[in-house]
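2 protein chains.
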Amino acid sequence: MVSSEFIFKFGLAREADTKILLLVIDGVGGLPHPDTRLTELEVASVPNLDEVAEEGICGLMDPIARGIAPGSGVAHLALFGYDSVKHPVGRGAVAALGIGLDPAPEDLTVRMNFATERDGVIVDRRAGRLPDELNDKLCEFLRKNLRLEGVSFTLKRVKDYRAVVVFKGEGLSDQLTDADPGRTGFPPPSVEAKSPEAERSARIANEFLCQVRELLKTSEARKIVGDPERANTVLMRGFAHPSYLPSFREAYKLRAGAIATYPDYLGVARMVGMDILDTGDTVADEVATLKRFWDQYDFFFLHIKKTDSAGEDGDFLKKVHLIEEVDAFLPQLLSLNPDVFVVTGDHSTPALFKAHSWHPVPIALRSRWCRRDAVSAFSESKCAKGSLGRFPATELMALILAHAERLARFGA
Amino acid sequence: MVSSEFIFKFGLAREADTKILLLVIDGVGGLPHPDTRLTELEVASVPNLDEVAEEGICGLMDPIARGIAPGSGVAHLALFGYDSVKHPVGRGAVAALGIGLDPAPEDLTVRMNFATERDGVIVDRRAGRLPDELNDKLCEFLRKNLRLEGVSFTLKRVKDYRAVVVFKGEGLSDQLTDADPGRTGFPPPSVEAKSPEAERSARIANEFLCQVRELLKTSEARKIVGDPERANTVLMRGFAHPSYLPSFREAYKLRAGAIATYPDYLGVARMVGMDILDTGDTVADEVATLKRFWDQYDFFFLHIKKTDSAGEDGDFLKKVHLIEEVDAFLPQLLSLNPDVFVVTGDHSTPALFKAHSWHPVPIALRSRWCRRDAVSAFSESKCAKGSLGRFPATELMALILAHAERLARFGA
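Protein chains in written order, with this note's numbering: chain A, 97 to 508; chain B, 97 to 508.
Bound conformation, chain A alone (with noise of 0.2 Å):
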């Protein structure tokens, strides 16, 4: 059993007045360059967040298990103690909670990218990163001439080239294959219904998805887009109806704020009972944001994003930029005196890989109830000597109330 399951099981969570500060810095795990051999992390200069391993303990964590690569979704609940196999959650339900759309349980979710084809296949998943204000073009046009018979839905941007859809309608089922092909060089699939119960439904999102793509390659919407072919098509991922968990006040008895700038974080804080707390797009937004709430709630969970888009474009020198951007954010951070400060991330996003990865990431716990261990420096390598080993991220609340002082002594 896993330990956030004890504090669950057995109630072990008991309320102190301590503060946690949780840093995410998505992505952050790299892979060696072949040219230097070392990784993004070892690239940096950081010696805000080497000061943290040196008075802290570290490690290394694995997102979910080892050689599995998550979803954001499933990686940060996995961060804040939520087995994703006990407590599944779909990418549809993240995304309409983490733009403040308040999903009843029977509605179906579902995220949609906007992609671009070229002779029948996909040739980009993102369309080119399609900006905020394109994307919301789009769906305007698309919401004013979709018609579909027997639900509503509702159909907003997230953010860049996501959107997400809510359909609204009797008997709907999430037993729906996705309708992307994961990767470029294939053509844009339709849905499938997983069982018989969800052939209604199945037709239901092909219904829509075939007039999206008919749509979206009328002169109307080249006209919008402003290019022959850019935003062409649509991809969809994550029919999910929406779940709620357990939530951090009831299972941790923490009062917690979520700080992120992008929706889909926002969401699964949502889903787990955070707050979400108003901010701005940079991380000087989110640090300001961060000391403006600081004596209003007991755990917060900053997150810092664009390290893995840095990953996920292959841009090894714009990644080491940015967590040099967040190290130089550390001393106000750790201004504020958190009882126990943790950094780390949801999963590694190597430049090399230029994707989500199974490697583990480092972690690093600064608190004054720390034994502390001989790593002196924050990265990949370093964390792999520290005491805290390698473990499961699902382990990482445990730690965390136990070094805040938050967890009552377990059995007999």
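No lab work stands behind these hints: they were computed from the structure. Any given hint might turn out to be false.
One copy or any two copies: either way a pair holds, since identical chains are not told apart in the list.
Below 30 Å or equal to it, Euclidean Cα-Cα: the simulated DSBU-like pairs (lysine-lysine) are [said to hold, decoys possible]:
| id | residue 1 | residue 2 |
| --- | --- | --- |
| 1 | Lys478 | Lys252 |
| 2 | Lys240 | Lys349 |
| 3 | Lys349 | Lys387 |
| 4 | Lys450 | Lys115 |
| 5 | Lys252 | Lys481 |
| 6 | Lys240 | Lys252 |
| 7 | Lys290 | Lys105 |
| 8 | Lys290 | Lys233 |
| 9 | Lys481 | Lys387 |
| 10 | Lys450 | Lys414 |
| 11 | Lys478 | Lys313 |
| 12 | Lys290 | Lys182 |
| 13 | Lys450 | Lys349 |
| 14 | Lys450 | Lys105 |
| 15 | Lys349 | Lys290 |
| 16 | Lys255 | Lys414 |
| 17 | Lys255 | Lys240 |
| 18 | Lys252 | Lys233 |
| 19 | Lys233 | Lys313 |
| 20 | Lys450 | Lys481 |
| 21 | Lys387 | Lys182 |
| 22 | Lys349 | Lys182 |
| 23 | Lys233 | Lys319 |
| 24 | Lys313 | Lys264 |
| 25 | Lys105 | Lys240 |
| 26 | Lys182 | Lys264 |
| 27 | Lys182 | Lys240 |
Got chain A; can you put chain B on it based on the hints?
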């Protein structure tokens, strides 16, 4: 599945002509002192423990799971290979067995601690570590004056401020909350039923509790204690029916003997079918007992208590000296030539933390079949670099039995 479950499920244990000595230094793990940055173990001069570490294999063990601070009962059961979720045991049952009572499976056992209250709140949960003589006298006084209807009861001193109550009657339920706030500054609570079936049991327990608390405030009780408020109330923890686990004899094919100076550890040992080997109060007494019984058993559990008490009292230097005292006895233990010698703790009790904590405990295992690692000293930081890595205590028994050539091969 942890490795001890393989032994249980597939009957892997087999007899052999080998001897095993498990030395448990209670609460041995510590935290670095701010002045020296060294833990109790690192300050202590322990040449003999260091030699065991050098000749053996080392690691760090989590008593239950990362972040979870255990009670002594579950921590020892984990050392003995029993998963405390699958095999829950109550504090009351451990205490009753530990002082030689043999409660029937339907009896209701509970631990009772003498405590001190002032102005309606608990100010000392241990009544200044009440001495045995006063505890005996108070128990006798209470037994003489308590009047309960519908049940009979046994009330006996365990040790220091601790006593145990065994209720005998029809249909008693252990679904009762603790009457213990777990910390000072709160009023002594009453017992609550966790389910409707337990309501009668809750009334009986509360009637008992009420009478005890009133009796302890009488002038007669005050005269016994010789103090106007010390031990003027009680707390109750761990209502439980006794559980008897798969025994060492059945599960591991071991004739096992337990040597401990403190009743609770003997209670856990009896639960797993160890024989209790009569001994005195000192480590020297325990070592003499070990020698006396060496030929009669395959497995010895030798428990050192005082290190834990020093940790709970926050006495760093005392804990250091007690560890050194144990070290001085090691040559006598090793001269018995155990085929497998293990030294570890059941959990950490850092003097700085003054309580059981979640920090992992160092472990060293010496046997002719060890694949020696590079660790050459017995301490938290050195063992963190050992080849055993970091692992849960429930894996220990399989390691021990394997090195004692007492496990059959698993599987085809």
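Going through the numbered hints above, which ones does this structure break? Give me the numbers in ascending order. Hints 1, 2, 5, 8, 9, 11, 21, 25, 27 not satisfied by this model.
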